[in-house]
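S.K.: Chains as they are written, first to last, in the working numbering: chain A, 6 to 575; chain B, 70 to 298.
None of these hints come from the bench; they were simulated from the model. Just so you know, even glycine gets a beta-carbon here, dropped at the ideal spot from N, CA and C. There could be a bad hint or two in this list.
Said to hold, decoys possible - Partial pick of chain B residues on the chain A-facing surface, computed with a CB cut under 7 Å: (1) 125; (2) 129; (3) 277; (4) 278.
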Amino acid sequence: MAIVLGISAYYHDSAAALVIDGNIIAAISQERISRIKNDSTIPIEAAKSVLSFARIKPEDVDLVVFYENPFNKLERVLVNLLRTFPRSYRQFPRAISSQIGSKIWVKDTLSERLKIKREKVSFTTHHKSHAASAFFCSPFRESAVLVVDGVGEEDTTSIWYGNGQNLKFIQSIPFPHSIGLLYAGLTAYLGFEVNNGEYKVMGLSAYGSAKYLDEFSKIINIENDESFTLNLKYFSYFTDTETGFGPALEKLLGPKRNKNKPWNLNSEEDKRYADIAATLQQVTEDILKRLANRALKITGSENLCMAGGVALNVVANGKIAMQIGKNHLFIQPAAGDAGGALGSAIIGSIELGDKRPTPLKNCALGLPIETDKVKKMATDLGLSTKLLSDPAQTISEKIEANEIVCFLHGRFEWGPRSLGQRSILANPKLEETKDELNLNIKKRENFRPFAPVILGDHMDKHFEGQPDLMTPFMSTVHHVKKNKVEQLKAVTHIDRTSRVQSVDENNSKLLNNILHCVNKKTGLPIVLNTSLNGPNEPIVASAQDALLFFMRHPVETMIVEDQMISKKGL
Amino acid sequence: MLKILFVKFINFWVWRNPKSMAGKLYKFSLAEYGSMLDLMLASHSTLSGERSSMYLRHALDEARHSDLFRDHINYLADKYPEVKYQPEVNADIDNLFLRMPETDFLAFAYRGEKRARIQFAVYRDYFKKKKLKKEYELFAQLVHDEFEHERYIWNLLQELTGSKKSALVKTWKMAVWELGRTSLRRGRKLSNFVFTLTTIILYFISMPIALSIILFKRSKTGWHRETKI
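All chains, please: the whole structure from these sequences, using the hints.
M.R.: What follows is the structure, given as structure tokens:
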């Protein structure tokens, strides 16, 4: 019976998670609190939030587990900087400053700032945290586990075997050969921001064809044992973590794309970049499928759990699921570094003798929305408020009338997806809705797709497939049925795929009701569901965040639980 | 007064071409976005529901200002190829509200708004003279908003400190605090420079270790540390 706090920090998206007596109580990314996208700072505010949500005093915490070992990481960083001597002279002071200046003191920082005794703070390892977050949240009793990311302490890819309460390391591929860093380097080459633009590359890839396979065969070599080797002359992540690729890559693939230049996929220039993205995506999918097969083969399991930043590649996940069977693949929804906080908390909990958690059913692990506060502040801002007797009915009427509605309900989501707790909902039928959302509200590239949410028991009528272990979390894609594309224009990507979320009464009662009402009105049990945030902002968490978003964007209605806020009278 | 003269004096240099103009506007956009984050934190953290709404309204203005600056950069990018588009702005938060009492935070914000209003008024007049209508309108709008912020914060500060005199004392104290902060920032810049120089020297002294790593500790490829189930 233990109270365990898991922490991930310092590289990408930091987070805190709380497990009590083996149950996942709360898990929050720091960005949701600090309002800084991909905030990697030590998540003190997130940690305090999960503790105060559970009404736990810091002194009652039995164990704090940090998701990686900073000393092992320091060793890898130093060795690799010296290995690339003298090219890494500019990176050296920065790396030393961040490693020795803050990262190795993480036990002291957590102890001092959370007011928890230092001896209660421990480390686990980066890939073990990822693996634990995937396996112990899955419904599988036993499973192979595949972790693929940029890099942890040293590993970039690892295979594990989970059985009951146990998680056993099998094998790994060490830095610098990394699928995550390959994808990140090409992300930078295509003019997107590393750690923030990878999913844009995935969306872009559908607009191109894999015409650069010969060139990519020079960049990455796949061995017969499914391991891979990067040709390091094309990369610069030892010496420049922001760019990640070297001049040789430009010689091979042509000039890099200018950052921030508006996209025009009708131009020859941008078509070339789309082809490069498509090639990268195909190569990544091919490697991941091979790695998945290897993990299953050497563990003898028929189930697979995946985590690590690369497991957020929903298109690849869909293809792996096709290969191994849709109900044999589970992806932890916060598969990136934030997920490490959850994994490390579970590891600590099991080490202290608690049972593993029950399988993750939904992602509402954040803080609840304070409806009274929203109502009061909305009134102070001159907005009009109205109590709804049937919110699901009102939302369905607005969707039928092609209105875009902001919708907030319960605790905010864990992970990068909006799953109906902090969402923008709209009619999925009209292409204009997609353009309106992309151009005026989300202000993002016009090639980016939107996702639908559907009643699970209607899924096979509109999509090629049934609900599976990933669809409740939007961790995979399905093809829209050919005869339904016309009806689902706003949520069908150019390659006819869709990152569909399935809902039933068990994982979201209110969203389930909304979809039933929409079905009655429009004949479609489907709604467009996108995250409630503006460009480069974290998804809305609190009452203030919701009102800030609502006032800044051309949306007329926001429904918070049973309160309708509108701009009438402003 | 000296500040106004200085800002007027360097106007020609700050706004010398579209690229330099975009650079300056980007800094303003960042500053406004950072203020927005700090005010959102204030709105979350204050114990008064009334002030929470006030800070939220202020945060909305700061977000709008950040957008106005960014939109103007993109307007320049449409006209001049040398100006880069700026679709997003990322700023850091100072967490000021958590680091000081609310009245100190207000005194700090008051000084910031006043400073911005004076500086933006110089720019507004400059663009009026130059007959650059869009830029003039941008800064005229900002001067108006900064004045409103200055006024409400001053009223609030007087209310919370109990008198005009106490409010004034708070602003003086914050002036001293800001001076200290500026000195610390300069000190940090200097220590960063010394640190960078020292570590680069250390890096080159480590050459024999680096060479031995290059020769004897090759990077690994393939699968490693295999364990049987």
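S.K.: Under 7 Å, Cβ to Cβ, is where residue 277 of chain B needs to be relative to chain A, so tell me if that hint holds or is violated.
M.R.: violated (10 Å)
S.K.: With a cut-off of 7 Å on the beta carbons, see whether residue 129 of chain B makes it to chain A.
M.R.: holds (5 Å)
S.K.: Could you check if residue 278 of chain B really has its C-beta closer than 7 Å to a C-beta on chain A?
M.R.: holds (6 Å)
S.K.: Classify the hint on residue 125 of chain B as holds or violated, based on whether any CB of chain A lies nearer than 7 Å to its CB.
M.R.: holds (5 Å)
Checked against the numbered hints given earlier, this structure breaks only hint 3.
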